[in-house]
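Novice: Sequence:
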Amino acid sequence: MRRIILAAFIFSGLASQAQQTIPLTVEQIMQDPAWIGTSPSRPRWPVNGERLYFDWNPVRAASDSLYMIDPRKPAPERVSTVSQKEIIWDDAVTYNKQRTAGVFSREGDVFYFTQKPFRVVRITETVDIESNPAFSYTDTRVVYQRNQQLYAWDIQTGSTRQLIQFQTGEANERQAKPSTEEEWLKKDQLSYMQVVKERADKSKAAEEARRAAQSKPLRKISIGDQTLQDPAASPDGRFITYRLVKQVNAKTTIVPSYVTESGYTTDIPARTKVGSPLRSTTFYLYDSVRDTVWKLATDSLPGIYDTPAYMSDYPKAVTDKKEKKPRETMVYGREWNASGTKLLLDIRAQDNKDRWLVLWDTASRQLSLVERQHDDAWIGGPATSQGSFGWINETNLWYLSEYSGYSHLYTYDVAQAKSKALTGSDYEVQQAQLSIDKKNFYLTTNKVHPGEKHFYRMSVDGKTTVQLTKSEGAHQVYLSPDEQWMAVLYSGMVQPWELYLQKTADALAGKAPLQITNLAMTDSFKKYQWQKPELTTIVARDGKRVYARIYKPTDPKPNAPLVFFVHGAGYLQNAHKWWSSYFREFMFNNLLAQRGYYVVDMDYRGSAGYGGNWRTGIYRHMGGKDLTDHIDAIEYMRHQYKVDTSRVGIYGGSYGGFITLMALFTSPGTFKAGAALRPVTDWANYNHGYTANILNEPQTDSIAYRKSSPIYYASGLKDHLLMCHGMVDVNVHYQDVVKLSQRLIELGKDNWELASYPMEDHAFVEPSSWTDEYKRILKLFETILKKDR
Numbered sequence: 090m091r092r093i094i095l096a097a098f099i100f101s102g103l104a105s106q107a108q109q110t111i112p113l114t115v116e117q118i119m120q121d122p123a124w125i126g127t128s129p130s131r132p133r134w135p136v137n138g139e140r141l142y143f144d145w146n147p148v149r150a151a152s153d154s155l156y157m158i159d160p161r162k163p164a165p166e167r168v169s170t171v172s173q174k175e176i177i178w179d180d181a182v183t184y185n186k187q188r189t190a191g192v193f194s195r196e197g198d199v200f201y202f203t204q205k206p207f208r209v210v211r212i213t214e215t216v217d218i219e220s221n222p223a224f225s226y227t228d229t230r231v232v233y234q235r236n237q238q239l240y241a242w243d244i245q246t247g248s249t250r251q252l253i254q255f256q257t258g259e260a261n262e263r264q265a266k267p268s269t270e271e272e273w274l275k276k277d278q279l280s281y282m283q284v285v286k287e288r289a290d291k292s293k294a295a296e297e298a299r300r301a302a303q304s305k306p307l308r309k310i311s312i313g314d315q316t317l318q319d320p321a322a323s324p325d326g327r328f329i330t331y332r333l334v335k336q337v338n339a340k341t342t343i344v345p346s347y348v349t350e351s352g353y354t355t356d357i358p359a360r361t362k363v364g365s366p367l368r369s370t371t372f373y374l375y376d377s378v379r380d381t382v383w384k385l386a387t388d389s390l391p392g393i394y395d396t397p398a399y400m401s402d403y404p405k406a407v408t409d410k411k412e413k414k415p416r417e418t419m420v421y422g423r424e425w426n427a428s429g430t431k432l433l434l435d436i437r438a439q440d441n442k443d444r445w446l447v448l449w450d451t452a453s454r455q456l457s458l459v460e461r462q463h464d465d466a467w468i469g470g471p472a473t474s475q476g477s478f479g480w481i482n483e484t485n486l487w488y489l490s491e492y493s494g495y496s497h498l499y500t501y502d503v504a505q506a507k508s509k510a511l512t513g514s515d516y517e518v519q520q521a522q523l524s525i526d527k528k529n530f531y532l533t534t535n536k537v538h539p540g541e542k543h544f545y546r547m548s549v550d551g552k553t554t555v556q557l558t559k560s561e562g563a564h565q566v567y568l569s570p571d572e573q574w575m576a577v578l579y580s581g582m583v584q585p586w587e588l589y590l591q592k593t594a595d596a597l598a599g600k601a602p603l604q605i606t607n608l609a610m611t612d613s614f615k616k617y618q619w620q621k622p623e624l625t626t627i628v629a630r631d632g633k634r635v636y637a638r639i640y641k642p643t644d645p646k647p648n649a650p651l652v653f654f655v656h657g658a659g660y661l662q663n664a665h666k667w668w669s670s671y672f673r674e675f676m677f678n679n680l681l682a683q684r685g686y687y688v689v690d691m692d693y694r695g696s697a698g699y700g701g702n703w704r705t706g707i708y709r710h711m712g713g714k715d716l717t718d719h720i721d722a723i724e725y726m727r728h729q730y731k732v733d734t735s736r737v738g739i740y741g742g743s744y745g746g747f748i749t750l751m752a753l754f755t756s757p758g759t760f761k762a763g764a765a766l767r768p769v770t771d772w773a774n775y776n777h778g779y780t781a782n783i784l785n786e787p788q789t790d791s792i793a794y795r796k797s798s799p800i801y802y803a804s805g806l807k808d809h810l811l812m813c814h815g816m817v818d819v820n821v822h823y824q825d826v827v828k829l830s831q832r833l834i835e836l837g838k839d840n841w842e843l844a845s846y847p848m849e850d851h852a853f854v855e856p857s858s859w860t861d862e863y864k865r866i867l868k869l870f871e872t873i874l875k876k877d878r
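In the numbering used here, each number is its position in the sequence shown, counted from 1, plus 89.
If you are wondering where the hints come from, they were derived from the structure by calculation, not from laboratory data.
Mixed in with the good hints there might be a few duds.
In silico SDA-like links for lysine to any residue, alpha-carbon gap of 20 Å or less [what the hints assert, rightly or not]: (1) Lys309 with Thr381; (2) Lys414 with Asp440; (3) Lys507 with Leu432; (4) Lys186 with Asp526; (5) Lys335 with Leu367; (6) Lys174 with Arg149; (7) Lys335 with Thr387; (8) Lys507 with Val459; (9) Lys384 with Leu456; (10) Lys362 with Lys875; (11) Lys362 with Ile343; (12) Lys431 with Val378; (13) Lys335 with Lys384; (14) Lys186 with Leu456; (15) Lys507 with Thr484; (16) Lys507 with Asp450; (17) Lys362 with Met816; (18) Lys362 with Val337; (19) Lys615 with Leu590; (20) Lys621 with Gln584; (21) Lys807 with Gln831; (22) Lys340 with Ser365; (23) Lys646 with Gly685; (24) Lys828 with Thr361; (25) Lys384 with Gln336; (26) Lys335 with Arg437; (27) Lys309 with Arg332; (28) Lys335 with Trp383; (29) Lys559 with Trp586; (30) Lys384 with Gln254; (31) Lys309 with Gly326; (32) Lys864 with Tyr671; (33) Lys509 with Leu448; (34) Lys309 with Val378; (35) Lys875 with Thr643; (36) Lys559 with Arg546; (37) Lys431 with Tyr421; (38) Lys807 with Ser830; (39) Lys527 with Thr554; (40) Lys340 with Gln824.
Let the sequences and hints guide you as you build the complete structure.
Specialist: Encoded structure:
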C-alpha cells in the first residue's frame with residue numbers, strides 16, 4: 090500500500106491559520122510525504138507454508154520491500170533479493186489431486202516439484218514462453234502451453250510430446266489435383282515401363298510400412314483467421330477445450346500527451362468507446378478418442394432468444410427484426426470434475442443480462458442446466474467474480490449466485506439435478522473457497538453489518554458455521570497452504586491496515602490474533618484527533634435506507650454549511666467501518682469539519698455491498714436515484730442537525746464528479762457549489778465493459794444515454810462549478826471536460842472554471858497536483874458556502 094505512504098496530508102497547511110491542532114504545514118509534508126505511515130500489503134505463503142511473506146516499507150525507502158515473519162520468531166525480517174528467487178508461491182502453483190506435487194511457471198519456463206522429499210525439476214528451458222501448467226492423464230503428465238500449442242511432459246520418463254496442432258488456414262490441405270492429361274500420362278507410363286512400375290510399387294510399400302510403424306499422427310485443427318484462447322486438457326487427457334475469437338476492427342481513441350521529455354506532443358493509444366463492435370467467441374471441445382471436435386451450441390439455452398426488456402421502448406426496432414437470432418455468448422470459466430467425465434461451464438450473454446451454469450456430460454454428450462441467472466439490467470456482484478464455483482466431489486458442485494438478490498453460496502447434486510442454498514438473507518457472501526479436505530467452506534461475508542467484513546468456516550452441508558474474525562472493521566484473510574495458519578490484514582474506520590497472524594485452530598477457539606506490524610500510523614499522525622464519522626442510515630424518498638458517514642463540526646454552530654463527498658466507481662463501498670481507499674478525502678472531510686462544515690459520504694444507489702437490486706438501481710438512468718439519494722439526505726441533515734440548506738456543496742472524482750455535474754445541472758439551487766473532478770460528461774465517450782451494463786449501447790438505447798449524460802443538461806447550471814481534470818487521463822478522457830467546456834461557453838455560462846493538470850492520469854500522482862486541486866476545492870466552498878457569514 091505504497092500509495093498510503095505517499096499520501097501527503099496536503100490539506101493541513103490550508104487550515105493552519107484557523108486550526109492550530111494540525112501539526113504540519115503543506116511545505117513540511119511535501120518534504121516528508123510519509124506522514125500517515127506505512128501499511129503492509131500482499132500477504133502470501135510459500136508452498137511449504139512455514140513462513141509468511143508480505144510487502145512493507147518500515148524504513149521509508151523509495152519503495153516497498155519483501156519481508157518475512159516466522160511464526161516462531163517475534164519480528165519480521167527483510168528478505169534479500171537473492172533469496173526471493175528461490176521462493177515458490179502457493180497461489181502460483183497448481184497441485185495434483187493428492188497435493189503431493191505441484192507445477193508452476195516462472196520467467197517463461199515450467200517447473201515441477203514434489204513435497205516429500207522437496208525436489209524441484211525444471212521441465213523447460215527455452216527462449217519461447219511456456220505457461221499455464223496443469224496435471225492431466227490422471228496426474229501422470231504435466232500439460233503446458235507454448236506458442237498456443239499444448240505439450241505433455243511425462244513425469245515418469247521425462248519425455249515430451251505435442252498433443253495437438255492448432256494452425257491458421259485450412260487443416261490437412263490437399264495437394265492440387267492432377268489434370269486429366271497428367272493422370273493419363275502416369276497410367277500409360279506404368280502400363281509398359283516395367284522398371285518404373287517396380288520402383289513405384291516398392292516406394293508405395295515402403296511408405297505404407299513407415300506409416301504403420303509410426304505412432305498416431307498429430308491431430309491438426311484449423312483456426313482459420315481467428316485467435317486461439319485458453320487451450321487446456323481434461324484431467325484424464327482425453328479432451329482439449331479451447332476458444333476461438335473472431336476479431337473485429339474497432340476504432341480506438343487517442344490521448345495526446347503535451348508535456349514530454351522530447352518536447353514533442355505524443356499520442357497515447359487508448360480504448361474503444363461504448364457501442365463499438367465486439368469480438369465474438371466460440372467454445373470447442375476436442376475428443377481425442379473419437380477424434381471429433383464438438384462446438385458449443387448455445388441455441389438451446391433458456392432465454393437465449395429473448396429480446397432485452399428495454400427494447401419495449403423502441404417498438405419499431407423490435408418489429409423491424411425479421412428473424413430472431415440467439416444472443417452472442419462467451420464461456421467465462423470451466424471446471425472439470427476429478428475424473429474428467431463432467432465439465433461445468435459458466436456461460437454469459439454478451440449483453441450481460443444472463444448467466445448460465447451448465448454441465449456437459451462426456452458419455453451422453455449432452456448439456457444440462459444447473460442455473461440460469463437473469464436480470465433485465467445486468468448480471469454482476471461478487472457471485473460473478475473469478476473462482477466463484479467448483480467441484481466438491483465427482484457428483485456435487487458449489488457456486489455463488491445472486492439469484493435471490495444477494496450473492497449466496499449454493500451446492501448442486503448432479504444425480505438429483507437439485508440445488509441447495511447454504512446461505513441466505515439480506516447480506517453478501519463476497520468470497521468462498523473449498524477447504525483442502527473438502528469438508529468445509531471458508532467464506533468472507535458482510536453478515537454482521539454491511540460495513541464490516543468477516544471470515545467464517547462453514548461445514549460443506551451448511552449445518553455448522555463459525556465466525557473466525559471478531560474485531561469491528563474489515564478482515565482480508567489469507568490461509569496457509571495447509572490451512573493451519575491465517576494471515577489477516579485488518580483495518581478499522583480510523584485505523585489503517587495492519588497485519589496479524591493466527592493459528593486457524595486458535596481462531597476457531599475464539600482467541601485473539603498476534604499483531605505483526607504496527608507502523609500504519611506515525612506518532613505525528615496519531616497525535617491528531619481524527620474524527621470517527623458517525624455511520625448511520627438515511628431514508629430515501631422510496632423508503633430505502635441509504636448508509637452514510639457523517640462528519641460533524643468540531644465546534645457545531647446553528648445553520649452550519651453542508652458538503653457531500655461522492656465516492657467514485659459507482660459500484661464501490663465507502664460508508665463502511667474500515668480504512669477507506671479515499672484516505673485523502675477522509676482527511677479533507679476532517680478539515681472541513683474543523684472549519685464548521687457537516688460532511689456526508691453516502692453509499693448511494695449503485696454502490697457495492699448491498700445486493701443486486703441496489704447495484705442495478707441506476708439502470709438506464711445514472712444521475713437518477715443515485716442523485717436523489719443525496720438530495721433526500723439534505724432534508725435529513727436539516728431535520729437532524731439544523732444545517733443551512735441554502736449552503737450546500739458537493740464534490741467527488743470520476744463517478745463522483747459525474748454526480749456533481751448532474752447535481753448542479755439538474756437540480757439548480759439545491760447545491761450552491763460543486764467540484765467535479767475527472768468527471769464523465771457524456772457516457773457515450775466511456776468504455777464498453779462498464780457503460781453497456783448500465784445504459785446498454787448508445788445506438789440501441791439512446792433514451793438511457795440522453796437521461797444520464799450531463800452534457801445534455803448543461804443549460805441548467807445556475808450555481809458555482811469547479812472542474813479539475815488530468816490531461817493524460819486514459820480512463821475518463823480529457824476530451825469529456827473539453828466538450829463540456831465548449832458547451833458551457835456556447836451557453837454563455839460564466840460561473841464555472843476548469844483546472845487542467847497536464848501530466849496527470851485519472852489517479853493523480855504528484856503531491857503538487859493533489860495540493861493544487863484541494864486548495865481550489867476548499868477555496869470554492871469557503872468563498873461560496875460561507876459568503877456573507
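Novice: Please go over all the hints and tell whether each is borne out by the structure.
Specialist: Each hint tested on the structure:
1. Of the pairs offered as hints, the one joining Lys309 and Thr381 holds, with about 11 Å between alpha carbons and a cut-off of 20 Å not exceeded.
2. Proximity of Lys414 to Asp440 is assessed by CA-CA distance (about 14 Å); at most 20 Å being required, the pair is judged to hold.
3. For the hint pairing Lys507 with Leu432, the CA-to-CA distance comes to about 17 Å; that is within 20 Å, so the pair holds.
4. Distance restraint check for Lys186 and Asp526: the Cα-Cα separation of roughly 11 Å lies within the 20 Å cut-off, and the hinted pair is therefore satisfied.
5. A distance of roughly 9 Å separates the Cα atoms of Lys335 and Leu367; the hinted pair therefore holds under the 20 Å criterion.
6. Of the pairs offered as hints, the one joining Lys174 and Arg149 is violated, with about 24 Å between alpha carbons and a cut-off of 20 Å exceeded.
7. With a CA separation close to 17 Å, the supplied pair Lys335 and Thr387 stays within the 20 Å bound.
8. A C-alpha spacing of about 8 Å is found between Lys507 and Val459, which places the hinted pair at or below 20 Å, so the restraint holds.
9. About 12 Å separates the Cα atoms of Lys384 and Leu456, which keeps this hinted pair within 20 Å; it holds.
10. With a C-alpha separation of about 41 Å, the suggested pairing of Lys362 with Lys875 is violated against the 20 Å cut-off.
11. Restraint check for Lys362 and Ile343: the C-alpha separation of about 11 Å stays at or below 20 Å, so the hint holds.
12. Between Lys431 and Val378 the CA atoms are separated by roughly 16 Å; this keeps the pair inside 20 Å, and the hint holds.
13. Straight-line distance between C-alpha atoms of Lys335 and Lys384 comes to about 15 Å, which keeps the hinted pair within the 20 Å bound.
14. With a C-alpha separation of about 26 Å, the suggested pairing of Lys186 with Leu456 is violated against the 20 Å cut-off.
15. The suggested pairing of Lys507 with Thr484 holds, with an alpha-carbon distance near 11 Å, which does not exceed 20 Å.
16. The hinted pair formed by Lys507 and Asp450 meets the criterion: a straight-line CA distance of about 16 Å does not exceed 20 Å.
17. The hinted pair formed by Lys362 and Met816 meets the criterion: a straight-line CA distance of about 18 Å does not exceed 20 Å.
18. Of the supplied pair hints, the one linking Lys362 and Val337 holds, its CA atoms being roughly 14 Å apart against a limit of 20 Å.
19. Annotation: proposed proximity of Lys615 to Leu590 is violated, straight-line Cα distance about 24 Å (limit 20 Å).
20. The hinted pair formed by Lys621 and Gln584 meets the criterion: a straight-line CA distance of about 10 Å does not exceed 20 Å.
21. For the given pair, Lys807 sits about 17 Å from Gln831 by alpha-carbon distance, which is consistent with the 20 Å threshold.
22. This hinted pair checks out: Lys340 and Ser365 have alpha carbons roughly 7 Å apart, not beyond 20 Å.
23. Restraint check for Lys646 and Gly685: satisfied, since their Cα atoms lie roughly 7 Å apart, inside the 20 Å limit.
24. The hinted pair formed by Lys828 and Thr361 meets the criterion: a straight-line CA distance of about 18 Å does not exceed 20 Å.
25. The suggested pairing of Lys384 with Gln336 holds, with an alpha-carbon distance near 18 Å, which does not exceed 20 Å.
26. Among the hinted pairs, Lys335 with Arg437 is consistent with the structure: their alpha-carbon atoms are about 17 Å apart, no more than 20 Å.
27. Under the criterion of a C-alpha separation no larger than 20 Å, the hint pairing Lys309 with Arg332 is consistent with the structure, at around 16 Å.
28. Between the alpha carbons of Lys335 and Trp383 the distance comes to roughly 18 Å, so the proposed pair stays at or under 20 Å and holds.
29. Proximity of Lys559 to Trp586 is assessed by CA-CA distance (about 16 Å); at most 20 Å being required, the pair is judged to hold.
30. Proposed proximity of Lys384 and Gln254 is supported: the alpha carbons are some 18 Å apart, at most 20 Å.
31. For the hint linking Lys309 to Gly326, the alpha-carbon distance of about 17 Å falls within 20 Å, and the restraint holds.
32. At roughly 17 Å between alpha-carbon atoms, Lys864 and Tyr671 fall within 20 Å of each other, so this suggested pair holds.
33. At roughly 17 Å between alpha-carbon atoms, Lys509 and Leu448 fall within 20 Å of each other, so this suggested pair holds.
34. In summary, the hint linking Lys309 to Val378 is supported, as the alpha carbons are separated by about 15 Å, within the 20 Å threshold.
35. For the hint linking Lys875 to Thr643, the alpha-carbon distance of about 17 Å falls within 20 Å, and the restraint holds.
36. With a C-alpha separation of about 13 Å, the suggested pairing of Lys559 with Arg546 holds against the 20 Å cut-off.
37. Among the hinted pairs, Lys431 with Tyr421 is consistent with the structure: their alpha-carbon atoms are about 17 Å apart, no more than 20 Å.
38. With a CA separation close to 15 Å, the supplied pair Lys807 and Ser830 stays within the 20 Å bound.
39. Taking the CA atoms of Lys527 and Thr554, the gap is about 15 Å. The hint holds against a cut of 20 Å.
40. A C-alpha spacing of about 16 Å is found between Lys340 and Gln824, which places the hinted pair at or below 20 Å, so the restraint holds.
Checked against the numbered hints above, the structure breaks hints 6, 10, 14 and 19 and satisfies the rest.
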